[in-house]
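**Student:** Residue strings, one per chain:
Protein chains: 2
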Amino acid sequence: MKIDDFLKQDTEWLKGTGPMSHIVISSRVRVARNIEKLPFSQRADKYRLEEILTAVTDAAASVPLLKNSLSVRLKDVGDVDRLFLVERHLMSPEHAKDVEYKSLIVEPKEIISIMVNEEDHLRIQVLQSGFNLRETWHILDELDNELARRLPFAYSPKWGYLTACPTNTGTGLRGSVMLHLPALVFTGQIEKVLQATGKLGLNIRGLYGEGSEATGNFFQVSNLVSLGRTEDEVIDNIERIIGQIVAREEMTRKNILSRSKEALVDRVWRAYGTMKNAHIITSNETIALLSAIRLGVDLGIVKNLDRRTINELFLITQPAHLQKIEGKALTSNERDIKRADLIRTKLK
Amino acid sequence: MKIDDFLKQDTEWLKGTGPMSHIVISSRVRVARNIEKLPFSQRADKYRLEEILTAVTDAAASVPLLKNSLSVRLKDVGDVDRLFLVERHLMSPEHAKDVEYKSLIVEPKEIISIMVNEEDHLRIQVLQSGFNLRETWHILDELDNELARRLPFAYSPKWGYLTACPTNTGTGLRGSVMLHLPALVFTGQIEKVLQATGKLGLNIRGLYGEGSEATGNFFQVSNLVSLGRTEDEVIDNIERIIGQIVAREEMTRKNILSRSKEALVDRVWRAYGTMKNAHIITSNETIALLSAIRLGVDLGIVKNLDRRTINELFLITQPAHLQKIEGKALTSNERDIKRADLIRTKLK
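Protein chains in written order, with our numbering: chain A, 26 to 373; chain B, 26 to 373.
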């Protein structure tokens, strides 16, 4: 598998399938693992870092679940390609910086990826469309077992898995779900929901992880603590709370439809009209408009468009994707024009 | 001719034909006339007001140019119909108020109209599409001569025609031109142009005459003074100054096309996309969007739409027109929905 091969396929987190996919975009579970007797990546010298890279790469190469994976040293990958991998949610924005001793492994369907020498030696991620945390966790668990047979993970009977940052110690597990909550935003209920979710031990962020703002009504919800609970308990807790948020978004959508349908229809179709006709458009405006159009599709207001096209537009209108499609570096202004071109072509 | 008959035809000022019609919407000339030995309308009692009404109605009835005209007492006309006549620029907003002793005569093509007992006994207006002041004046002059043969107009060899307000004394003539100046607005040059025009003795207003703001880049330019000059001199002066504004708008459009075409194209098509897809839309937004689309048509950016459709939309999306089309009174919110419906149907 090569990086360019991904350009030809849908990325998993935007497939638009799976349970509750009208509200839940994707489910992600990741664990943090470190190899025992080796220093954490941030404290390791270059020889140790190379040792970690080699050990993980070799171990992964023989895991059946990872057959035909992309496996690359990030120092061998250009800036645009690195951003491209971030845009596909295959690695964190942090992993794209200071890349000398970092690598990335991505399974061909883009469901599994492993960051090597990010904050921990291994960050193993499984990503699926829709509200699917449990199955996602099972895949990850199986993979983790396979890797544990090949790599001695640092583990304390008292603390559980040892990690570079203590917030990950214990199960080392973080489950997160990407939600599309336009109705809660539209009616101003989102603040309350976010506060309540925070009090229940979950963390809410924007589209691209820590520190990023929620754009276009997309929210990424994950657990804060991974210590003192079993993996199943962590997953259970997220599933239960997310279930409540999803129910509230659904109810609110119905309320809007019965109380102010005309305003909603207006909003959705204006977004569609702008997308279909703009000749210059930024990333942020695109996400905001796609959010409105997606709601229109989910509620049956827009019928001549499917969720797949919307999801494809989310993906390919991102800066690195645009540049890979165009086959060359583009300035911000050039991207805004190219983005509008691409959207008009896709919506024709 | 009945008021409803007008609904089936284009109104003259929005025909979109005539010289320079890519920038000059319409040309209008009006004169103020009063019948001698009768008090001005605002000082006349009801017997005198009736006398004026009868005299003008009888005189107009025998003028060939006014054959088959609509001739109505405004007290016999409903609110919506009065607003409808204002929206078609056949009478002033002021003429629609306190209507007890007022009437209106409109020639079938809507080129000529006469307000009776507005500020003066007669306000005779001739309106044509495009930049056509001289021909417009000739029609008015001919009509004025015909009427003068039937009605003794108050005239002083020293002052000229006597009028209720001294600003109209002399020729009693006001020439005005409706301009579409999006490029001058877009580039911020409009303030300078307006100031210069003001210093040259012309007055600039919005779409609906005195006190109205310029909406959607439309400006109505007219002379301030009608005393101490011949009619031809007044017309000459307006034509010359308007010619300069038109030339500047044209040059600026060319500059924009060569320097920031993409931004202009974006603006035009976004306006089109919004118009074509909105489900709720106000009058003001409609005028602003139509202004952008008209510029797009004038510059060959929008090819699948003609100026006639745009002009029709200008006309029929106005509040009274919407209500006449719908055949019943509509609230402001209902109009915003109906307006969007109508626009979507016309642009399909």
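One should not assume that every hint holds.
Just so you know, same-sequence chains aren't split out, so a pair can sit in one copy or run between any two.
[As the list claims (entries may be wrong)] Straight-line Cα separation of at most 20 Å, SDA-like style, residue types lysine to any residue; simulated pairs:
| hint | residue 1 | residue 2 |
| --- | --- | --- |
| 1 | 279 | 213 |
| 2 | 363 | 223 |
| 3 | 62 | 366 |
| 4 | 373 | 330 |
Since the hints were derived computationally from the structure, they do not count as laboratory data.
**Student:** Give a verdict on every hint.
**Tutor:** Okay, the hints, checked on the actual structure:
no. : hint      : result
1   : 279 x 213 : within (15 Å within a copy, 46 Å between copies)
2   : 363 x 223 : neither (39 Å within a copy, 44 Å between copies)
3   : 62 x 366  : neither (53 Å within a copy, 71 Å between copies)
4   : 373 x 330 : both (10 Å within a copy, 18 Å between copies)
Of the hints listed earlier, those the structure fails to meet are numbers 2, 3, in rising order.
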